[in-house]
Amino acid sequence: MTVEDTVRKIIAEQAGLDLADVTLDNSLESLGVDSLGLVETIFAIEEAFDISVPFNANAPQASGFDHSSVRAIAAAVQGLIDQQAA
Amino acid sequence: MKRVVITGAGTVNALAQDVAGTLKAFAEGRCGISALDIPDIDRLSIKIGGQVHGWDPEAHFNRQQIVLFDKFTQFTLVAARQAIAQSGLNFDGRLGNEAGVVLGTAGGGVNTWDENYRAVYEERKNRVHPFVVPKLMNNAAASHVSMEFNLRGPSFSVATACASSNHAMGQAFHMIRSGMTRAMVTGGSESMLCFGGIKAWEGLRVMSKEACRPFSLTRNGMVQGEGAAVFVFEEYEHARKRKAEILAEVVGFAMTSDAADIVMPSRQGAARAIAGALRDARLDPADVGYINAHGTGTAANDKTECAAVADVFGPQADHVMISSTKSMHGHLIGGTGAVELLACIMALRDGIIAPTIGYEEPDPECALDVVPNEAREARVEAAISNAFAFGGLNAVLALRRV
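Protein sequences appear in the order of chains V and A. Residue 65 in our numbering sits at position 65 of the first sequence; the count goes up by one each step and never skips. Residue 302 in our numbering sits at position 302 of the second sequence; the count goes up by one each step and never skips.
Incorrect hints may appear among the rest.
[Claimed, not checked] Below, a sample of chain V positions facing chain A; criterion: calculated Cβ distance under 7 Å: (1) Val-39; (2) Phe-55; (3) Asn-56; (4) Ala-57; (5) Asn-58; (6) Ala-59.
[To be verified] Computed far set for chain A versus chain V, every beta-carbon distance over 12 Å: (7) Asp-37; (8) Ile-48; (9) Tyr-117; (10) Ile-352.
Hints in this document: simulated from the structure, not taken from any laboratory. This structure is a prediction, so every number in the text was calculated from the model and none was measured. Where is the CB? At the ideal position from N, CA and C, for every residue including glycine.
Whenever a hint applies, use it, and build me the whole structure from the sequences.
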């Protein structure tokens with residue numbers, strides 16, 4: 001499974017949606033994932049990829065983890081995987 | 001209705017192991033948050049806290065007691081000894097039949113849970129010490145205070161997360177006001193600065209790695225603390241007749257529930273608690289000179305709390321001073337309201353307003369006088385102390401100068 005597929009699957013589970021309803025262009029808000037859902041999503045991502053995601057719920061924008069869309073999240077996750085491998 | 005006054009206070013926290021030292025630190029705007037000294041710190045991403053460094057149980061307890069007392073009980077007993085000594089009360093006679101002890105703690109003996117889980121899971125031990133249960137139970141501290149001081153009236157512990165101490169002190173206040181008892185020992189404590197305690201909080205992603213900066217635009221989360229504060233609440237005529245020194249009067253209390261979200265605070269729930277405490281105390285917003293804020297340094301709390309204060313105080317919100325001493329001692333969770341009541345007493349009795357330290361930049365959404373960085377002198381007639389817990393449980397106390 002690609003990084004994008006795994007991220008989509010995690011978000012679909014969090015949002016309680018079918019995988020087909022989660023596209024790369026969706027934002028988390030549009031899928032009904034709130035700030036707590038985001039924290040849970042990041043936890044699931046960390047567990048799935050064995051990475052550490054920099055994220056502070058007090059300053060989500062300043063955390064350096066772009067979560068503006070499903071595509072952005074997948075890209076950020078890929079970046080962290082590459083960083084960890086380097 | 002009886003009047004209720006405070007005739008004794010004691011504390012152990014990251015700033016000092018007594019009231020005088022704590023108030024001095026408040027007045028100096030000193031920070032008690034430092035590098036945590038606990039096992040497995042390298043596996044934590046949060047490495048700071050308001051830890052009580054240099055804690056020496058042997059200085060206060062014998063070997064048998066140490067085996068039985070979790071750290072939250074140790075902190076409580078030392079604070080209770082200071083408070084009861086200051087009050088000059090003795091509970092061996094009839095007073096002890098009606099006086100009890102109501103204390104707040106969210107987690108109880110968290111260190112004891114942590115140490116013993118470590119022993120059975122990590123070290124694969126198949127046996128734990130026989131006193132693990134009486135050591136970790138939430139009411140252990142209240143029970144040991146009752147035993148040490150012969151308090152034979154109503155005693156229990158209150159667990160409402162970050163509002164535990166305020167809920168506990170509210171109960172003690174109600175009991176004396178209603179005439180049920182002439183004296184109560186009350187306050188709260190917490191000690192969750194251990195690997196499991198911090199790891200659990202890390203998961204929420206609301207902790208700061210640098211500092212607790214309530215109301216500052218640059219804030220990035222809360223910092224945990226530990227310790228206790230304990231007070232003697234006493235019926236006013238009883239205290240007056242024996243010429244006891246009165247630290248302040250407790251004049252009002254209100255509790256509300258948000259009935260909304262398990263972690264996100266509600267502006268309406270907080271505002272109803274603040275307004276309720278003022279109404280109970282028969283105070284107008286203009287009477288209140290100081291608010292000890294819940295002020296955790298999280299985005300969610302600070303904005304909501306400032307909006308709630310603005311709702312209740314209206315135009316008066318521009319004239320009231322509001323500070324968060326969590327910037328100095330950290331967030332003591334279930335013990336926090338008790339330690340923070342000391343800042344209210346200092347404002348009323350000594351005319352010194354504890355600052356919000358670590359303040360760097362104004363936040364337009366927290367546009368109140370947060371007493372940034374430096375303590376201030378001011379005559380204050382009445383003060384309130386806010387506590388807003390996870391689970392949407394709010395408790396606000398109102399105090400008046402005597």
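How the hints compare with the structure:
no., hint, in the structure
1, Val-39, "holds, 5 Å"
2, Phe-55, "holds, 6 Å"
3, Asn-56, "holds, 6 Å"
4, Ala-57, "holds, 4 Å"
5, Asn-58, "holds, 4 Å"
6, Ala-59, "holds, 5 Å"
7, Asp-37, "holds, 24 Å"
8, Ile-48, "holds, 14 Å"
9, Tyr-117, "holds, 21 Å"
10, Ile-352, "holds, 30 Å"
Going down the numbered hints, you'll see the structure goes against none, and every one checks out.
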